[in-house]
Amino acid sequence: MYLILHMILTRLNISTARQEAFLLFLVFFLAATGCRGTDPNAVGGVMTVAGSTSVQPFAEKLAEEFMAEHPEYNINIQGGGSSAGVRAAQTGAAQIGMSSRNLKEKEKGLHERVIAYDGIAVIVHRDNPLEGLSKKEVAGIFAGDYANWKELGGSDGTIHFVAREEGSGTRGAFEKMVMEEREISLRALVQASNGAVREIIARDPGSIGYISLGLVDNRVKALSVDGARASRQDIMGGRYELVRPFLFLTQEEPEGTARTFIEFIMGPQGQELLSAEGLIPGE
Amino acid sequence: MSRVSPRELAIERILQAIAYSSIAILFIITFFIFKEGLPFIFREGLGEILGGVEWRPTKGQFGILPMVVGSLLVTGGALVIGVPLGLSCAIFLVEFSTPKVRRILKPAIELLAGIPSVVYGFLGVILLVPLIRVHLGGPGLSLLAGSIILGIMILPTIISISIDVLEAVPRSYREGSIALGATTTQTVSMVVLKAARSGIVTAVILGMGRAIGETMAVIMVTGNAVAAPGSVLDSIRTLTSNIGIELAYASGDHQEALFATGVVLFVMIMVLNLAASMTRRKRIR
Amino acid sequence: MKRLDPGVTQKIVRGILLSFTALTVSILVFIITYVLLKGLPVLGWEFLTKGAVDAGTSGGIFPFIVSTVFITVVALAIATPLGVGTAIYLTEYTRETIVTKVVRFAAECLAGIPSIILGLFGFITFVLFLKLGWSILSGALTLAIMILPTIIRTSEEAIISVPQNQRDVSTSLGGTRWQTVTRVVLPSALPGIVTGIMLSVGRCIGETAAVIFTAGSALPTPTSVFASGRTLAVHFYILATETDAFGMAYGTAAVLIIAILTINVMAYWMMHRIMRKFS
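Chains as they are written, first to last, in our numbering: chain A, 58 to 340; chain B, 94 to 378; chain C, 71 to 349.
Looking at chain A on its own, in the form it has when it is part of the complex:
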């Protein structure tokens, strides 16, 4: 093989040194291209999990721990949004699709597994004196009804409300459960991920936003809504209603790598990790 290539290249009057450089390059390139998507259902294959960016950080942590224990597996987590996750699962582009909302009618037909429940927390800056609001007030804030925190019993200051972008599963859930018939104002500040929303809230004392409960840390405060706290007890007790499922979707009953991974997640180790991260176990 090499000899044939060598003969052809000599014909083209390319010096031996250059030939070697070229071959080196070829070898590198071929090695780099590697094996295209090995069968994910075979042991030790690469598996792609794609979809909701709300689920993503948790899936990444799960994958990290899973791969630490089983280094022969290679799990690839991608974002793209819940809708993209559903489509990826339907088309097989990903072995597992992630969704942070329930499937719509026309999306039914996939195998669904609830790996956890996630609360949607309404958060404000740590120093905001308010402890809770009614759902109607929250909806009013995001619809643009209030200009100043004073109007809600807080301290004097303009309200800066931050939403997720259109198409986000978190935003969709928030709109359905909190806004109901009302629209989020066009003047809302928008950030492209829950993490980004949290960062804004953590820095701006006059801000308010909604993020995944699992992402709340000690730099922001989760308000109670209609008297119910955004805590595990209140969620499990059914008092805090802003809850949505984190779904892992597969075309059929999961097999091979997908099955092993999902079993890991549903097992004690996985569920403990998710609990520690602030999610509610998918019981």
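No lab work stands behind these hints: they were computed from the structure. Don't be surprised by glycine CBs; every beta carbon is placed ideally from N, CA and C. A portion of the hints provided could be inaccurate.
SDA-like mimics (lysine to any residue), calculated; alpha carbons at most 25 Å apart, straight line [stated by the list, open to error]:
(1) C:K201 / A:L167
(2) A:K118 / C:H342
(3) C:K347 / B:I121
(4) C:K201 / A:N131
(5) A:K163 / B:K152
(6) C:K171 / B:I121
Computed footprint of chain A on chain B, listed as stretches where at least three residues anywhere in the stretch have a Cβ under 8 Å from a Cβ of chain A [to be verified]:
(7) 202 to 214
(8) 223 to 237
(9) 310 to 323
Take the given structure of chain A and dock chains B and C to it, following the hints.
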């Protein structure tokens, strides 16, 4: 006339094909973007889209006027900041300082053009936004923040090209003016700048192109509210941010709407590039 | 209104210009110094060679360095033959015709396309249409389009500045056009071409918008061109917007800035050496 061997001919043809690939690539890009975006524009109507003020793509409303306004305003703001600073810098370096200083500073400034835009955006969020929020009001994430950051980002472009343009003005112009008794300032304002005018316009247009096309830094500091601003302290969203924020999640109509946004942006930038080419050619002639 | 003495005007104007210049230079210097000051302490052997932990918020940035190098190398592998080939064709093989003008115009237009549009195009074409998915390859193809105009332009300039007599000598010795190109012109033009490549490397390293929608943001080290990978710039963006892991962010930014500045400085130094050769 030597015989051209078939191998030589083959090589020539290959190179020709490679050269045409640039045209092919440009064509493919234009084709794809328009293919995805135009049907949408025709379906919804250009007037509805360009003139509409409500962007709620998941509910069927696709007005991008606030974003067009946002792009234009933030670019205008960037020019307001970048052109005076940049031009002053260029004029000072060429007319009022020595070639040695220039030889150090000009490459140094050009190097700064290599700093990734996300770093500018980050510093904007950490340092500039809180400053605006605390001392001027509003959320800090604003048109003002975007203009300042973009203005700084286009400085290297404006300075570098302006320096080249000013240096290209023949020395005889300046010497003639000084010989007539004018001060350097008078020379610069009445002679040199006039001679360099079209080149400077090119520099500004290129800076404008860079500002309109910037995405990451803008997403980070402008707040991305989908409403036209009432003041420089209000949040805005640009056409580029619109695509950048929602592309990953969009599907169906929403995705096509984003391509339509891309089409509008593409057309705007092409017009700018053409304008820049034309002024550049005018100078040579 | 009394006209000011021109000497006074001169002093005032000079003062204003000087202060604006000082302001400009200090802003630009501040940016680099601030990032390096905050980021250099984070750098270390561990940081550069260890993998990322906790979804990238601690640990090291090794996988991202790999992704960045990987995607840049592949992008160059694609763009360099195309770019240099185009430059060779335009300068050595044809006269100035409408066609060559169109090719140059197309390259100029490509150069003006904002990176988000390239990202959009790459997403639709490579990730979805060609079903390459989020991958190093999708990202590299997109980056290749982005740097192609730069390579064409610098290669052209480099090739044109090769003195004509060198070519004539080769032809008079019986060399074919291609032989002249490969054995005489290209070696002479190599420094200029390499300069263009280095500038392009700088751009690839710093690019975010075009990469995040095509190469994705997967955390593990990519093992093949078909795997997704997170480049340094993308990692920095995610750290900067979604986390408060500022230490890591500054460290990543410091690596980025040092790499880009070093490469650009080398490119400039090369350009100076070439210019000196010809003057």
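Hint check results:
1. C:K201 / A:L167: With a Cα-Cα distance of about 22 Å, the restraint between C:K201 and A:L167 holds, given a limit of 25 Å.
2. A:K118 / C:H342: Answer violated: A:K118 to C:H342 is near 50 Å, above 25 Å.
3. C:K347 / B:I121: violated (40 Å)
4. C:K201 / A:N131: holds (20 Å)
5. A:K163 / B:K152: With Cα atoms ~18 Å apart, A:K163 and B:K152 stay inside 25 Å; holds.
6. C:K171 / B:I121: Holds: C:K171 and B:I121 sit about 19 Å apart, inside 25 Å.
7. 202 to 214: It is violated: at least three residues are needed, and the region 202 to 214 of chain B offers just 0 whose Cβ sits closer than 8 Å to chain A.
8. 223 to 237: holds (count 7)
9. 310 to 323: Holds, because 6 residues of the region 310 to 323 of chain B bring their Cβ atoms closer than 8 Å to Cβ atoms of chain A.
Violated hints, in rising order: 2, 3 and 7; the structure is consistent with all others.
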